[in-house]
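Participant: Chain residues, written in single-letter form:
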Amino acid sequence: MNDVADKQRLDRDFTELYRAHLRDVYSYAYYRIGNHHDAEDLTEQTFLQAYRHFDRAQRESKGRPLRPWLIRIAHNLAANYYRDRSRRPVTQLDDAAVISAPHGTEEMVEGREEVKEVLRGVSELPDDRREALIMRFALDMDNREIARALGRSEGATKVLIHRAIRQLEQGLEEESAGDEAGVEQ
Amino acid sequence: MSDAERVERLLKMAFAPVEPPEALSDRLERGLTEMADAAADELSEWELSAMSDPRNWVRPAAAVVVGSMAAGGLVLVRARQQQKKRQGSGLRALERSLRDVADDLEKRLRG
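The listed protein sequences correspond, in order, to chains R and E. Just so you know, we're using our numbering here: the first sequence kicks off at 16 and counts up by one. Just so you know, we're using our numbering here: the second sequence kicks off at 61 and counts up by one.
It is worth saying that the hints were derived from the structure and are not from the lab. Hints may contain errors.
As the list claims (entries may be wrong) - Result set (BS3-like, lysine-lysine): computed pairs, CA atoms no more than 27 Å apart in a straight line:
no.	chain 1	residue 1	chain 2	residue 2
1	E	72	R	131
2	E	72	R	77
3	R	173	R	77
4	R	77	R	131
As the list claims (entries may be wrong) - Short derived list, chain E residues pointing at chain R, Cβ under 7 Å:
no.	residue
5	61
6	63
7	64
8	70
9	71
10	73
11	74
12	75
13	77
14	78
15	80
16	84
17	88
18	91
As the list claims (entries may be wrong) - Chain R stretches covered by chain E per the calculated footprint, using a threshold of three residues with CB under 8 Å from any CB of chain E:
no.	segment
19	86-92
20	162-171
21	180-187
It should be emphasised that the depicted structure is a prediction, and the values quoted were computed from it without experimental measurement. Just so it is clear, CB atoms sit at the ideal spot from N, CA and C, and this is done for glycine as well.
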């Protein structure tokens with residue numbers, strides 16, 4: 016850090032990172048924590064921490080995107096949040112996220128119950144599977160990015176996501192089989 | 061549609077991206093500014109009392125790094141403020157404000 020031009024470039028780059036990924040970090044925090052108040056805290060802490068280590072992260076990234084690094088910070092802070100408060104992660108449905116989803120009203124009403132069922136299933140997944148799904152579907156991250164954020168190999172990440180989806184499928188099948196049995200009785 | 065595709069479609073609906081509240085950006089920018097102030101204070105104290113003693117250089121050197129990084133927070137703050145004022149000129153306004161802040165930063169570092 017001995018060159019003013021470097022500092023200016025770093026500041027510009029951080030500004031870009033912040034603008035590009037504020038929504039990603041907030042979405043991740045919200046789905047990980049389950050309420051807006053704590054999601055705001057987590058987002059704030061993530062960016063402040065990122066700020067402190069941005070120079071080094073940028074040097075070590077060798078030009079790779081920094082979103083996985085940013086999400087990894089949020090991931091670690093969320094883990095601390097649960098450890099400190101002895102809370103279990105939750106995934107909340109009844110808020111802006113589902114309501115604001117870009118779908119038609121009719122489709123929304125039809126899908127709402129199914130979405131609730133899926134979210135119930137997600138809340139019962141092991142932490143690593145749930146996190147991988149949040150990164151994939153809320154942040155649209157690919158396997159490589161998710162692998163970097165979780166500190167796993169790409170192959171292991173692919174398997175993790177596949178198993179998470181398979182577990183949800185099975186849960187939905189069991190639920191619908193239970194519903195049908197209930198109707199027959 | 062296969063069961064897996066159906067689950068993926070439902071997951072996309074369930075995990076729609078969530079827009080952060082406006083107040084969060086303001087709060088975050090305040091935090092960055094406070095960090096800049098704290099680092100600047102530490103740097104000033106060091107300049108007055110410890111310049112002659114090399115054993116004291118490590119911590120304030122870290123403050124220089126944090127301070128210069130945190131000053132970038134001001135880039136965010138000012139860029140946003142100026143962007144709000146000049147909504148019509150969009151990116152040009154942002155670039156201009158970044159140049160202004162970069163000049164300020166350069167002056168501070170040289171002064």
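Participant: Look at each hint and say if it fits the structure.
Facilitator: Tested hints:
Annotation: proposed proximity of residue 72 of chain E to residue 131 of chain R holds, straight-line Cα distance about 12 Å (limit 27 Å). With a C-alpha separation of about 32 Å, the suggested pair residue 72 of chain E and residue 77 of chain R falls outside the 27 Å cut-off, and the hint is violated. Note on residue 173 of chain R and residue 77 of chain R: the hinted pairing holds, with a Cα-Cα distance of about 24 Å set against a maximum of 27 Å. Among the hinted pairs, residue 77 of chain R with residue 131 of chain R is inconsistent with the structure: their alpha-carbon atoms are about 41 Å apart, more than 27 Å.
Restraint check, residue 61 of chain E versus chain R: the minimum CB separation of about 12 Å is more than 7 Å; hint violated. Taking 7 Å as the C-beta cut-off, the interface hint given for residue 63 of chain E holds, the closest approach to chain R being about 5 Å. A distance limit of 7 Å between C-beta atoms decides the matter here; for residue 64 of chain E the minimum to chain R is near 6 Å, and the interface restraint holds. A distance limit of 7 Å between C-beta atoms decides the matter here; for residue 70 of chain E the minimum to chain R is near 4 Å, and the interface restraint holds.
Checking residue 71 of chain E against chain R by beta carbon gives a least distance of about 4 Å; that is within 7 Å, so the hint holds. Against a cut-off of 7 Å between C-beta atoms, the interface hint on residue 73 of chain E holds, since the closest Cβ of chain R lies about 5 Å away. Of the supplied interface hints, the one on residue 74 of chain E holds, with its beta-carbon coming within about 5 Å of a beta-carbon of chain R, less than 7 Å. With a cut of 7 Å, the hint placing residue 75 of chain E at the interface with chain R holds, because the nearest CB-to-CB distance is about 4 Å.
Restraint check, residue 77 of chain E versus chain R: the minimum CB separation of about 5 Å is within 7 Å; hint holds. At about 5 Å, the closest approach between the beta carbon of residue 78 of chain E and any beta carbon in chain R falls short of 7 Å, and the interface hint on this residue holds. Hint status for residue 80 of chain E relative to chain R: holds, with the closest Cβ pair at about 4 Å, below 7 Å. Hint on residue 84 of chain E holds. Least Cβ distance to chain R is approximately 5 Å, under the 7 Å limit.
For residue 88 of chain E, the interface hint holds, since its Cβ comes within 7 Å of a Cβ in chain R; the closest pair sits about 5 Å apart. Because the closest C-beta pair between residue 91 of chain E and chain R is about 5 Å apart, less than 7 Å, the hint holds. As drawn, the segment 86-92 of chain R meets chain E at 0 residues by the rule of a beta-carbon pair under 8 Å; below three, the given contact is violated. Residues of the segment 162-171 of chain R lying with their CB closer than 8 Å to a CB of chain E number 0, which falls below the three-residue condition for coverage.
Counting residues of the segment 180-187 of chain R whose beta carbon lies closer than 8 Å to any beta carbon of chain E gives 5, which meets the minimum of three for the stated coverage.
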